[in-house]
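Chemist: Just so you know, the sequence shown maps onto residues 1 to 165 in UniProt numbering.
Just so you know, the hints here were simulated from the structure itself, not pulled from any lab data.
Backbone N, C-alpha and C define an ideal beta-carbon position, used for all residues, glycine too.
Hints are not guaranteed to be accurate.
Restraint-style ranges between C-beta atoms, simulated for each label pair [said to hold, decoys possible]:
1) Gly15 with Lys112: 30 to 40 Å
2) Arg84 with Leu156: 19 to 29 Å
3) Glu72 with Leu30: 48 to 58 Å
Once the Cα atoms are required to be at most 27 Å apart in a straight line, the calculated DSSO-like pairs of lysine-lysine come out as [said to hold, decoys possible]:
4) Lys139 with Lys87
5) Lys107 with Lys139
6) Lys160 with Lys112
7) Lys160 with Lys85
8) Lys87 with Lys107
9) Lys16 with Lys85
10) Lys125 with Lys107
11) Lys115 with Lys87
12) Lys21 with Lys139
13) Lys21 with Lys87
14) Lys87 with Lys57
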Amino acid sequence: MDQFKEQLVRAQNPGKYKAVKILMYIVGVLAVLCLLTGNFILGLLLVVIAGILFYVKRFFYLEFEYVITNGEVDVDVIYETTTRKKKMSFNMKEVSLLAPYESDEYKALSNKPSKIITAIPEGNKDRAYVAVVTEGNDKAQLIFVPNQEFVNICFLFNPKVVKKN
């Protein structure tokens, strides 16, 4: 039987996102007013600023999705609930440790990869885990917030390295 679990971790505090979005609309309205009144240089400058804000605002609303299918873990980042980008993929057999971030097992581990990937939305207060991937193509430390069911499925595929508590 296939083992499959999908977990979406939503953004907890989109306050910065809302502020940038409101600022973008205000700058856009000011740009239109400047262009209509004949102040083309200021109007074009404000159009450019509104365009930059339009592009940048998507980085203030991040969600993460964790998927495990038969031992293959995929971590995706979702920008503004519309655009998805793969952050990391690995097999649970390539993991040397999956434990809570504050655990003694993680602190005692000596061969940690230098690359650290954080897959936690800003403002999230859930218990953070770290998956230390030391084999395969992506050698990295993944810091994320899986729920207990996700950790239990990871345990099925590599029970020696998964520390639940």
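Chemist: Indicate, hint by hint, whether the structure satisfies it.
Modeler: Results of checking the hints against the structure:
no., hint, in the structure
1, Gly15 with Lys112: 30 to 40 Å, "33 Å, holds"
2, Arg84 with Leu156: 19 to 29 Å, "26 Å, holds"
3, Glu72 with Leu30: 48 to 58 Å, "49 Å, holds"
4, Lys139 with Lys87, "13 Å, holds"
5, Lys107 with Lys139, "18 Å, holds"
6, Lys160 with Lys112, "17 Å, holds"
7, Lys160 with Lys85, "30 Å, violated"
8, Lys87 with Lys107, "24 Å, holds"
9, Lys16 with Lys85, "21 Å, holds"
10, Lys125 with Lys107, "20 Å, holds"
11, Lys115 with Lys87, "13 Å, holds"
12, Lys21 with Lys139, "36 Å, violated"
13, Lys21 with Lys87, "25 Å, holds"
14, Lys87 with Lys57, "19 Å, holds"
The structure shown violates the earlier hints numbered 7, 12.
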